[in-house]
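Work out the full structure, taking the sequences as your base and the hints as a guide.
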Amino acid sequence: MNASWPDQMRRGLAELCVLTVLSHGESYGYQILARLADTGVLTFSESTLYPMLSKMTAAGLLTIRDGPSERGKPRKYYQLTNQGRGRLLDLREHWEAIHKAVESLAEDEDA
Amino acid sequence: MHKDDLLVERYLGQVEAAMEQSRVALQERRLTLSMLREQIEEALAAGGAPAQVISAMDPPTAFAPGAGPKPQPRSVLGLVGLWSGLALATAGLGLIPLFAPHLRSEIGNPLVLGSAIVLLASGVLGRHTSPGKMSLMLGLMISAFIAMATLFLALSA
Numbered sequence: 001m002n003a004s005w006p007d008q009m010r011r012g013l014a015e016l017c018v019l020t021v022l023s024h025g026e027s028y029g030y031q032i033l034a035r036l037a038d039t040g041v042l043t044f045s046e047s048t049l050y051p052m053l054s055k056m057t058a059a060g061l062l063t064i065r066d067g068p069s070e071r072g073k074p075r076k077y078y079q080l081t082n083q084g085r086g087r088l089l090d091l092r093e094h095w096e097a098i099h100k101a102v103e104s105l106a107e108d109e110d111a
Numbered sequence: 112m113h114k115d116d117l118l119v120e121r122y123l124g125q126v127e128a129a130m131e132q133s134r135v136a137l138q139e140r141r142l143t144l145s146m147l148r149e150q151i152e153e154a155l156a157a158g159g160a161p162a163q164v165i166s167a168m169d170p171p172t173a174f175a176p177g178a179g180p181k182p183q184p185r186s187v188l189g190l191v192g193l194w195s196g197l198a199l200a201t202a203g204l205g206l207i208p209l210f211a212p213h214l215r216s217e218i219g220n221p222l223v224l225g226s227a228i229v230l231l232a233s234g235v236l237g238r239h240t241s242p243g244k245m246s247l248m249l250g251l252m253i254s255a256f257i258a259m260a261t262l263f264l265a266l267s268a
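Chains as they are written, first to last, in this note's numbering: chain A, 1 to 111; chain B, 112 to 268.
Treat the hints loosely; a few may be bogus.
Unchecked claim - If the Cβ cut is set under 10 Å, some of the chain B residues that face chain A in the computed set are:
id, residue
1, 132
2, 135
3, 141
4, 149
5, 154
6, 156
7, 168
8, 172
9, 176
10, 240
Said to hold, decoys possible - Quick list of in silico lysine to aspartate or glutamate cross-link-like pairs, EDC-like style, CA-CA up to 20 Å:
id, chain 1, residue 1, chain 2, residue 2
11, A, 76, A, 15
12, A, 55, A, 90
13, A, 73, A, 15
14, A, 76, B, 139
15, A, 55, B, 131
16, A, 55, B, 139
17, A, 55, A, 66
18, A, 55, B, 116
The set of hints was computed from the structure by calculation and includes no laboratory data.
Keep in mind it's a predicted model, so treat the numbers as computed, not measured.
Don't be surprised by glycine CBs; every beta carbon is placed ideally from N, CA and C.
Right, here's the structure in full:
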């Protein structure tokens, strides 16, 4: 078994995590990274998260607006589009189905 | 430009080069660089030392996903030589004797000799690559064939 399976699992869930963070309101790249890292488990590197945000923007899941920052220089704030919200619902549904399936397998083993 | 700014710009330049090399789309490159710049500036504004901030970032190569090895010029040379040599040998040994047997000595034989030269040359130059090795092997086989045919003709004359 590959030793980096937690990494692979996390990467697979990255899009769902980003969309979930943004479902609470707009945010900028570093803030999203920090919010995910705050969970203690969902630690993504910038080389994973930033290109993914760019791809999601290109795919129409996110929009960007230039907003102010404490430093004075404008920041790029990401927001969910309707398409992004739809994608989040799909991913969440799928994730819940997987989660339930794994739980039911564990219950079978316990019984 | 200040030394610290140079450090940041050099890092961002390396990231951009890595992404460009792996053919990341322009818009994606711009957005990624802009987010990296924001993150670095934020860390610097929080009192981080530039060298420390940069070393905590992902290495530039991490931004070049799926950047496979580029085809080596020698491998391309071996491949081109192999196909050209094969084409010449096929023409010289197969097509000319079949469709224009009377031109065999004027055109067919020089083509076979030419194919051996092309295959040997590209084989020697690209000998460390698999198309080059194959080219060299075929070149040697055709050379041996030419040598044997010449010897046979000389002995029978």
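Hints and how they fare:
1. 132: With a closest approach of 14 Å, the residue 132 of chain B hint is violated.
2. 135: holds, 7 Å
3. 141: Holds - the Cβ of residue 141 of chain B comes within 10 Å of chain A, reaching about 8 Å at its closest.
4. 149: holds, 6 Å
5. 154: holds, 9 Å
6. 156: At about 5 Å, which falls below the 10 Å cut-off, the nearest Cβ of chain A leaves the hint on residue 156 of chain B intact, so it holds.
7. 168: Constraint on residue 168 of chain B satisfied, holds at 6 Å.
8. 172: holds, 9 Å
9. 176: holds, 7 Å
10. 240: violated, 31 Å
11. A/76 / A/15: holds, 19 Å
12. A/55 / A/90: holds, 18 Å
13. A/73 / A/15: Roughly 28 Å separates the two Cα atoms, so the pair is violated.
14. A/76 / B/139: Status holds; Cα separation ~13 Å.
15. A/55 / B/131: The given pair, whose Cα atoms are some 15 Å apart, holds under the 20 Å limit.
16. A/55 / B/139: holds, 7 Å
17. A/55 / A/66: holds, 18 Å
18. A/55 / B/116: With a Cα-Cα distance of about 28 Å, the restraint between residue 55 of chain A and residue 116 of chain B is violated, given a limit of 20 Å.
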